Amino acid sequence: MNYFLTEEQQMIKELAAKIADEKIRPIAHEYDEKEEFPAEIVKVLGQADLYRVFIPEEYEGLGGGVFEMCLVVEELSRACGGIALAYAASGLGIIPIILFGTEEQKKKYLPKLASGEIIAAFALTEPDAGSDAGAIKTTAKPEGDSYIINGTKQWISNGGDASIYTVITLTDPSRGARGSSAILVDKGTPGFEFGKKEEKMGIRGNSTRELIFQDCKVPKTNLLAKEGMGFMVAMKTFDQSRPGVASQAIGIAQGALDEAVRYSTERHQFGKPISSFQAIQFMLADMATQIEAARALTLQVARSIDAGEKNVAKISSMTKVFASDVAMKVTTDAVQILGGYGYMREYPVEKMMRDAKITQIYEGTNQIQREVIGMNLIKETLRKKK
Amino acid sequence: MNIVVCIKQVPDTTDVKINPETNTLIREGVESIINPFDAYAIEEGVRLKEKYGGTVNVLSMGPPQVDASLREAISLGADEAYLLTDRTFAGADTLATAYTLAAGIRKIGDVDIILMGRQAIDGDTGQVGPEVAENLDIPHVTDIRKIEQIDDQGSIYLERLLEEGYVRLKTKLPVVITVVKEINEPRLPSLKGKMLAKKKEINTWSAKDVEVNEKRLGLTGSPTQVVKIFTPPKPAGGKVFDGDIKDSVGKLLRELRASGILMGSEKGDE
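Protein chains in written order, with the numbering used here: chain A, 195 to 580; chain B, 1028 to 1297.
Careful, some of the hints might be misleading.
[Said to hold, decoys possible] In silico SDA-like cross-links for lysine to any residue, where the CA-CA straight-line distance does not exceed 20 Å:
#1 K237(A) / L1215(B)
#2 K237(A) / P1213(B)
#3 K212(A) / L1215(B)
#4 K1044(B) / T1258(B)
FYI, nobody ran anything at the bench for these hints, they're computed from the structure. It should be emphasised that the depicted structure is a prediction, and the values quoted were computed from it without experimental measurement.
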């Protein structure tokens, strides 16, 4: 379908596709098996200027937005949803700096993030605070010109490999969520260590680690926005990052569909390619239709966000919930079409099914997304009644 | 360091199909790309520039659509692009091509190093590099797998790939160097490079813009005559000698001798 990309957007998409096909696909299986972070690919993405696309021009970016980020994430995810996360999760860490960073913070971090010299990460989740983000326990106690951070963050993508972390803390625990603050913490700050590297079902080409803070002292100039606005920072960041997760899901699904179509034309049973059977054709047709619908929704929402539409939480959540459910369905069907081969690790689709699953879980479970959509529907209706 | 990289635009296939009726290349549906060996030459040129400073000029002779390949070279790090295009250049063999490219290089002027791929994947002759050097009356080295260093005296140290191993060479600038794929791994273009390439002005030269003798251009200047292009017929079935190994070898040798393929006596065959 024609998404009316500008010449520049077309260029971005084509270059990301080239890197996906030539550099990522050949090593995707290996990184999945080894569970290693793809430092060599981060270097390639940096040299290709892909981290620049959603960063403002004043900070050595190319001045695009969520739309451009989505184009890149989808293409990379087509080859490997795990390796693509080195890009997407850095985006999640970069967005709060773009949205809420001071001039000094932007100048300090964005040019290096734009070149891919360093990557970023975002830390909200804790062992006892997932969907109930208000239950976080990590504190940042104000002390003179500093904050003293204590606590543990869990399941942080790019954990250990990122150089800069946006950490959601409580600066005033007595006020709960209203006492939360977003603070930038550099890797290497004394008192900031990494815990165990998680062993995961999918997206194994990315490192997921615990962040452990023990009397970690950071200057107050590392605060994003204001004290007490930590949750607002997190929610506004997610509004912009969820279409990225949706694009990751769409990329994984597209990769699985491509494999399924190719296989169905090559695999012969009863003396014919299985693609000649209506049972298979109908599955492929549904897969393709769902993917296109998810892509259309996601890219249109991305355009709306970049155009400055207000209150985008609802539509942003819609992209993630719809695209990730599509990815789970499509990858499961791809495994079904490949049959016994699909179940084997030697073939790429079982990995896609494992990689797809996380997109229904992280950056807010799909249940939480539905709640966001539902709450917004009710709010909008009540507002109209007034 | 003033570097010229000569590139050729070729069809994106090593499996060239020929129309059996017209004996011409089937070009439909085949995209054009930079000759893969030349991509290594571009990369090496850019690396030399990064190490020693200077300018990378990319030069090609061909129809106007070669513009796309020259822009790609810009996106990969080349600084300037030159296209030699003119109806009188058409139909050139390697001699006329090298003559024309040499005229382009003279016009660029003060060149230290001329790089190109060892051969083009469509013609596979590997002649243009050495012929350009002869036209310019400078040395050439072929099949280079490594440029070790260039010293202040203008000496260049190289490694030339051989069938078994390699040989180290030293020569003087200016020089024509043809490269093999072992020399480097070409980088991918960057977005900034692609955007720059889109806007870049490609210098286009016709026969009038360069100093040439028109009789040495294109078809007129090409002593090579293509009599016929054809796909060789697949060899027919052959003959199988089976059964007892000693008997069958004996039969094979007798047959080879009878047909005149094998010389010598029959003694000791059995």
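Against the 20 Å threshold, does the CA-CA distance of K237(A) and L1215(B) hold or violate the hint?
OK: K237(A) and L1215(B) at ~12 Å, within 20 Å.
* Agreement of K237(A) and P1213(B) with the hint, judged by alpha carbon distance not exceeding 20 Å -> holds, 14 Å
- Taken at face value, is the distance from the CA of L1215(B) to the CA of K212(A) at most 20 Å? holds, 9 Å
Would the pair K1044(B) and T1258(B) pass a check requiring their Cα atoms to be no farther apart than 20 Å?
holds, 9 Å
Violated hints for the displayed structure: none, as all numbered hints are satisfied.
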